Amino acid sequence: MVLFDRTSIGIVAVLATLSAGAVPAADKVPHYDHVFVIIMENRGHDQIMSHANWTPQIHQLAAEYGQASQFYGEVHSSEGNYIAMLGGDTFGIHDDDPFFCKPGPSSKFCGKADKPNYPDHNLTARSLMDQLADKGLTWKAYMEDIPSPGSLVPRWPTSDYPVKDTPNELYAAKHNGFVSFKNVNQEPYPKLAEHLVGFRQLDADLAANQLPNYAHIVPNQCNDMHGRGKGNASAAWADCSDDEGLMRRGDAEIGMLVDKITNSEVWREPGNTAIVVTFDENNKEERGTGPQGCCGYDPNSLANFGGGHIVTLVITNHGPRHLVAPTPYNHYSLLRTTEAVFGIDEYLGHAADTNKGVVTMTPLFAVGGK
Numbered sequence: 000m001v002l003f004d005r006t007s008i009g010i011v012a013v014l015a016t017l018s019a020g021a022v023p024a025a026d027k028v029p030h031y032d033h034v035f036v037i038i039m040e041n042r043g044h045d046q047i048m049s050h051a052n053w054t055p056q057i058h059q060l061a062a063e064y065g066q067a068s069q070f071y072g073e074v075h076s077s078e079g080n081y082i083a084m085l086g087g088d089t090f091g092i093h094d095d096d097p098f099f100c101k102p103g104p105s106s107k108f109c110g111k112a113d114k115p116n117y118p119d120h121n122l123t124a125r126s127l128m129d130q131l132a133d134k135g136l137t138w139k140a141y142m143e144d145i146p147s148p149g150s151l152v153p154r155w156p157t158s159d160y161p162v163k164d165t166p167n168e169l170y171a172a173k174h175n176g177f178v179s180f181k182n183v184n185q186e187p188y189p190k191l192a193e194h195l196v197g198f199r200q201l202d203a204d205l206a207a208n209q210l211p212n213y214a215h216i217v218p219n220q221c222n223d224m225h226g227r228g229k230g231n232a233s234a235a236w237a238d239c240s241d242d243e244g245l246m247r248r249g250d251a252e253i254g255m256l257v258d259k260i261t262n263s264e265v266w267r268e269p270g271n272t273a274i275v276v277t278f279d280e281n282n283k284e285e286r287g288t289g290p291q292g293c294c295g296y297d298p299n300s301l302a303n304f305g306g307g308h309i310v311t312l313v314i315t316n317h318g319p320r321h322l323v324a325p326t327p328y329n330h331y332s333l334l335r336t337t338e339a340v341f342g343i344d345e346y347l348g349h350a351a352d353t354n355k356g357v358v359t360m361t362p363l364f365a366v367g368g369k
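With numbering that gives the first Met the number 0 applied, the sequence shown covers 0 to 369.
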């Protein structure tokens, strides 16, 4: 359902201008104190939006708040998309190998390291985390089932170190883009353990109203709609391997996380707070239908060929309601917007590609006509 309130009329005019190819002063967005990005997995826009009975929370939030109806990922597999949100590029990464992988003979975790054009996965590029530090702002990665704060393991549990009745690889570093950056993975442990935390810390931070300015919130691979094999899992995980079960489970997870934030003190404060719900990439069935990217993507690129059409919602405490924004956006657009709302005028990598249609998601972050 596409709903517009009275305050959306002017916004629609802006969207029409953007769709026509003009780029207005789109970066004049209001300041935000907090941006939380909840990232889900491997579901296409049409798959989610055609199953309202499986994903009622997503549909309710889309109708009540803001929806970017033409939002795209950058690449398959997952990892490059998470990196793009933080660095403005995939840096040639189109696999799910850990940060310590580099060209040449390597560990069992680096399965394609001997292939041509294999990139060094330990990125030295500047990132959003560097930008936030320069501004005196804070960040965290809230990763469900990370084995311990600051852990750099590629995945957990594993077949070598199983946990009874639990699916293997609930936590996967391929969904933790922060660890791909050298300035993060080489942080001293006390600091690293403050930055890479689990969901218990999210609950504690919400209760104490001690939230970072920027955070990724990433459920485990059963709760993010990705899925895991049954393995040694108990019956409690029976819905972790089929589409309906995973989509219902992930939808409930989104509802729970959004509810926690919107019922916390940070949501009631006068400052602006946004929750972005997005996906990394679409599902296999939708990869052969329609455009797979936007805003400078290259179908012939190894690592920027388009990650598909995905659902992306923007939920704000003081922003627009009942808004569907049809402008094409991608994860580079989201990075550009994050930079802009925090007062950062340095746009990293492809976040600066306004000539290719990468623009700030201004209508979805507008507040009181600002």
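There's no promise every hint is true.
[As the list claims (entries may be wrong)] Below, in silico cross-link-like pairs of lysine-lysine (BS3-like), each with a Cα-Cα straight-line distance of 27 Å or less:
| id | residue 1 | residue 2 |
| --- | --- | --- |
| 1 | K134 | K114 |
| 2 | K111 | K27 |
| 3 | K101 | K134 |
| 4 | K190 | K101 |
| 5 | K355 | K111 |
| 6 | K283 | K114 |
| 7 | K27 | K107 |
| 8 | K181 | K107 |
| 9 | K190 | K134 |
| 10 | K181 | K101 |
| 11 | K27 | K283 |
| 12 | K107 | K259 |
| 13 | K163 | K114 |
| 14 | K111 | K101 |
| 15 | K111 | K190 |
| 16 | K111 | K181 |
Treat the hints as calculated values from the structure; they're not laboratory data.
Owing to the predicted nature of the structure, the values given are computational and were not obtained by experimental measurement.
Against the structure, the hints come out as follows:
1. K134 to K114: Not OK: K134 and K114 at ~40 Å, beyond 27 Å, violated.
2. K111 to K27: 43 Å, violated
3. K101 to K134: 32 Å, violated
4. K190 to K101: Holds: K190 and K101 sit about 25 Å apart, inside 27 Å.
5. K355 to K111: Violated: K355 and K111 sit about 31 Å apart, past 27 Å.
6. K283 to K114: 24 Å, holds
7. K27 to K107: Roughly 47 Å between the alpha carbons, so the hint for K27 and K107 is violated.
8. K181 to K107: 21 Å, holds
9. K190 to K134: 18 Å, holds
10. K181 to K101: Distance of about 13 Å is within 27 Å: holds.
11. K27 to K283: 37 Å, violated
12. K107 to K259: 39 Å, violated
13. K163 to K114: Distance of about 36 Å is beyond 27 Å: violated.
14. K111 to K101: Distance of about 9 Å is within 27 Å: holds.
15. K111 to K190: Roughly 32 Å between the alpha carbons, so the hint for K111 and K190 is violated.
16. K111 to K181: Holds, at about 21 Å.
Consistency note: the structure conflicts with the earlier hints numbered 1, 2, 3, 5, 7, 11, 12, 13, 15.
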